[in-house]
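**Q** Taking the hints into account, I'd like the entire structure generated from these sequences.
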Amino acid sequence: MQPSIEELGDSALLLQFGERIDADLNARVHAAARSVAAMALPGIVELVPGYASLAVVFDPATWQGDDATPAQRCARALRGAFGTASAKADEPTECIEIPVCYGGECGPDLDQAAAHSGLTPQAFAARHAAGDYRVAMLGFAAGFPYLLGLDPALQQPRRANPRTRVAAGSVAIGGLQTGIYPRELPGGWNLIGRTPLALFDAQARPPNRLAAGQRVRFVAIDVDAFNAALR
Amino acid sequence: MIRVLRAGLLSSVQDLGRLGQAAIGLSAAGAMDPNLLRIANWLVGNAAGAAALECTLLGPRLQFDRASLVAWCGADADATLAGAAFPTWRPVPVSAGAVLDIAALRRGARGYLAIAGGIGLAPVLGSRSVDLNAGLGPCAGRALRAGDLLPLASPGRSLRRAPTWSVAPAPWFDAGPLRVLRLLPGSHYPALAANSQAALSGEPFRVATDSNRVGIRLSGPALILREPLELISAAVTHGTLQLPPSGQPILLAAEHPTTGGYPRIAHLIDADRSVLAQCRPGDPVRLQLIAPEQAEQARRRRAEALTRIEDLVQRRLAASAQADEHN
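Chains as they are written, first to last, in the numbering used here: chain A, 1 to 231; chain B, 232 to 558.
Keep in mind that the hints were calculated from the coordinates and are not lab data.
You may find that some hints are simply not true.
Each pair of labels, with its calculated beta carbon distance range [as the list claims (entries may be wrong)]:
{"id": "1", "chain 1": "A", "residue 1": "Gly118", "chain 2": "B", "residue 2": "Leu409", "range": "51 to 61 Å"}
{"id": "2", "chain 1": "B", "residue 1": "Pro318", "chain 2": "A", "residue 2": "Leu230", "range": "50 to 60 Å"}
{"id": "3", "chain 1": "B", "residue 1": "Leu460", "chain 2": "A", "residue 2": "Asn227", "range": "25 to 35 Å"}
{"id": "4", "chain 1": "B", "residue 1": "Pro318", "chain 2": "A", "residue 2": "Ala68", "range": "20 to 30 Å"}
{"id": "5", "chain 1": "A", "residue 1": "Arg159", "chain 2": "B", "residue 2": "Ala424", "range": "29 to 39 Å"}
Just so you know, these numbers come straight off a predicted model, no measurement behind them.
Ideal placement from N, C-alpha and C gives every residue a C-beta, glycine not left out.
**A** This is the structure:
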């Protein structure tokens, strides 16, 4: 199926595959990102996956011509990519394990979230750690992964009063989404645990530990293991 | 080496931005007005994308430990060099030990100070631009502070005497009383109520005080959707006009979040980033919706003018260097 193409101003396009948070739609976004990257078109500055969309930022000077605007010409070239390639199943990728210390100081909202879901904190943490997740996209802040695959029984309303400071590594739930704060940030999601891993390090190559499309598993650790790993 | 004696309100090291990192959640940052950065760099013989200082509303006070060549492009400043008036839009030699005080920016919000050789702090992820919002980049990802030392990337070009020529600020800088921002309609423009569509391009807005390099917030008539839209996060860009539930739109700028879930009402044309960069809190602005063909015409005119100015500056600079040798 062809995505619809929206112009984001005069130097970017948004390829839209749907309007839902859905694992299959998201898999198509990542397949499209791979197709576009493989085309090696000139003057492509950024490819930005969303839940159900892929933005293509281009250099208008590279795409200018007499028959149409650069955005129209770039959109035409991109449509060609989807005319031939079918939406292939997402390639299986290596599963990244993220150690998480659930509850206590690491997850100050765990008890409340468990109560909201009618579970004990232990059962809530076990179900969160049992999930098979996939990184839908990175956004909000550098290296912040939006994960697909949360057990619907664990969904939580966002906090009425967002925190001004959420600790780096906090594992959180907002609605049907779960994610990890890569550094200290303000945030309105419910904090259920914390990982000692650094998710983003500008000096590392690549700087992001998780990439869009990757599979993720959470592994519960105790507070001693968390503190040891943090050191 | 340059010593920062006073940082000013918000002065930061910027280049043309950190491209290619949006997929991991990092926007480009870089100069709010890339063209002014380019021109200032060309005036001192640098490559277009050398790192320079972006100064906001109140500029820094800097001491140069050895002779240098600098150029200021952008907002009109009450600037002095070694106590005398500091000429702008041209290369200006600075003698060793001299103090350059940019002071208050009177018309416009931002100006760029390029230094021959370029600022030589170590790049982060391929760029020397400081991303203040992400806390990332050289200078520990923060704005300048008094006491900072800025090394130069290379000795750079020198001139013995200040040339008498300068670059005309128009069309690069417009300090007129009313700022007009040209926009292309976004996909959620039709979702605006009819009177909000009329208000968007018919009524004046003001630049709100909480505007920054992440976004310029506009206050004016509340814009209302025909009915609420449930959107999922998708990429946004430098120039996206988002409409949060408050009804007061935000024009995203250089340090925009890479994704957003608010309606995308319109998008600023690239050519008018220069207008956005000069918006001061309280400034009146008007939003004008145009067609893609008009945006492309504006882009081409700007690109052609930029090529001409690069060529002109290079020839003038070469002639000034030659005149130096003959004297």
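**Q** State for each hint whether it applies.
**A** For each hint, the structure was consulted:
1. Gly118/A / Leu409/B: 51 to 61 Å: With Cβ atoms ~59 Å apart, the hint holds.
2. Pro318/B / Leu230/A: 50 to 60 Å: Distance hint for Pro318/B, Leu230/A holds at roughly 55 Å.
3. Leu460/B / Asn227/A: 25 to 35 Å: violated, 45 Å
4. Pro318/B / Ala68/A: 20 to 30 Å: violated, 44 Å
5. Arg159/A / Ala424/B: 29 to 39 Å: holds, 31 Å
The structure fails to meet hints 3, 4 from the earlier list, while all remaining hints are met.
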